[in-house]
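Novice: Listed here are the chains, written in short residue letters.
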Amino acid sequence: MNKRLIYILLSLLMFAACRSDKQKEVDFSKEFEVPDSVIYDGELEISEQAMEDIVQNISSPVEIAALIKAVGVPFSKDYLATTNFVDDYNTSFKKAIGLGIFGADLGYQNMYNKTGGVIDYISAIRTLADGIHVGQFFDFSTLKRLATNNQNLDSLMYISVQNFNQMDRYLRENNRSNLSSLIVAGVWIESIYLLGEVIKEAPNAELSEKIGEQKIILSNLMLLLKNYERDPSIKKLIDDLSEIQEIYKDVTITYEKGEPEAIEQDGMLIIIQNDKQYIEISNETLFQIIDKTAKVRNNIIQL
Amino acid sequence: MRNIYIIYALFAIILLGNSNKLSAQSGQELVDICGMIAGDATYLKDFPIKLDAAKVGEEQAKARHSLVLSKNTQYRFSICNSKDYPGEAIIQLYDNNRLLGTNYIVATGKSYPSFDFKCTSTGVYHIFISFKEGEQGLAVALLSFVKRL
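Those sequence lines, one after another, are chains E and R. Counting with our numbering, you get residues 1407 to 1709 for the letters of the first sequence. Counting with our numbering, you get residues 1051 to 1199 for the letters of the second sequence.
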């Protein structure tokens, strides 16, 4: 009788052991073979820690799209990058920067709850993410289901942004931060492109100021990219962005420090910064930035 | 008699082996819980933090992250502690040299699960995360977008 019980318990133990093996974190770097060309093993100009400092939230598709929507400009699919040539994105450079561009377009569509064309974009993102071996972080089936059913659109935004964060974190933790930086650059370029297209159709002081304040963001992005300037494709991108940075020299940003204050409102703690930031950008400079960014972006997406 | 000992031992192994898995919270669960604390704000970034307890006579290390925040935007910083560790996380927001806000008000001893930050100047900001009284802790801090101002 006891022997039988021991056998049962041993079986249970073996079953439990198998189950716990499944639950262990999977080391994707072992599961997916990554070609050498994707891993950046060159010397970094700044430390990994300093890069961590720079990279967070440099460009967020959510914030720019929210601004465009907040100023009352209607949605236009004409602004979006075409997904027709995704299968021809044949280098890790193209794939990573394309991921950023389509990520920004996905954020723009999500912000307006426009799910009609979203599936093309999530399919394109999956193709590119698979191409640089981070497809495992992109929950294509859930996103497709949410977009198809046209419901729970907050979840669509939440999951897609989180998936991008997971890809970004994984790339940085696995010595592939060159690709993570390119994704960030792609999001930034497409966000400025979207802003520019909207300004051309409906000039708006708030949107123009937003372009002006990108002087700060671009300088951080350049610091990030300059780490990888030995890569000829990234060097070319840096040269293009340097031309935009040159135009930004005519944008003046001044500050007036204020005292931050904390208030409690309905049980919620709110910190008000009270600093003032003034951004001066002429129309001529504004359109030079818009035109140059559009050229850089169109070169990337038209192959 | 020997068989009974073996049975006890096997029971103990099975129970111990599974107890941690039943209670341990994953990082993803913490992010999801934190998302609920953030309410209807739109998720932007999450920062997982795990710190060991401070050694006697030493200050606990702080986790630091730098991030770009934009002018005329209201952000929400939410914090969610793992129930598997004793530490209660404190999040502090700095600009280049000043403390702008925190979820823990020392004067009153009151902690908030989140706080909003009305940003009036685009630039790089820094968040420092530590655990009260240097206890060991695991937490996730979440940055969300509330609205344009």
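Quick caveat, the hints were computed from the structure, so don't treat them as lab data. Glycine is no exception: its CB is placed at the ideal position from the N, C-alpha and C atoms. There may be inaccurate statements among the hints.
Below, in silico cross-link-like pairs of lysine to aspartate or glutamate (DMTMM-like), each with a Cα-Cα straight-line distance of 25 Å or less [unchecked claim]: (1) Lys1182(R) - Glu1079(R); (2) Lys1197(R) - Asp1656(E); (3) Lys1682(E) - Asp1145(R); (4) Lys1121(R) - Asp1526(E).
If you want the footprint, here are the derived chain R segments under chain E, 3+ residues with CB under 8 Å [stated by the list, open to error]: (5) 1155 to 1167; (6) 1181 to 1193.
Below, a sample of chain R positions facing chain E; criterion: calculated Cβ distance under 7 Å [as the list claims (entries may be wrong)]: (7) Lys1121; (8) Gln1142; (9) Asn1146; (10) Val1196; (11) Leu1199.
Novice: Now look at each hint and say whether the structure bears it out.
Specialist: Hints, verified against the model:
no.	hint	verdict
1	Lys1182(R) - Glu1079(R)	22 Å, holds
2	Lys1197(R) - Asp1656(E)	30 Å, violated
3	Lys1682(E) - Asp1145(R)	13 Å, holds
4	Lys1121(R) - Asp1526(E)	33 Å, violated
5	1155 to 1167	holds (count 6)
6	1181 to 1193	violated (count 1)
7	Lys1121	6 Å, holds
8	Gln1142	11 Å, violated
9	Asn1146	11 Å, violated
10	Val1196	10 Å, violated
11	Leu1199	10 Å, violated
Checked against the numbered hints given earlier, the structure breaks hints 2, 4, 6, 8, 9, 10 and 11 and satisfies all the rest.
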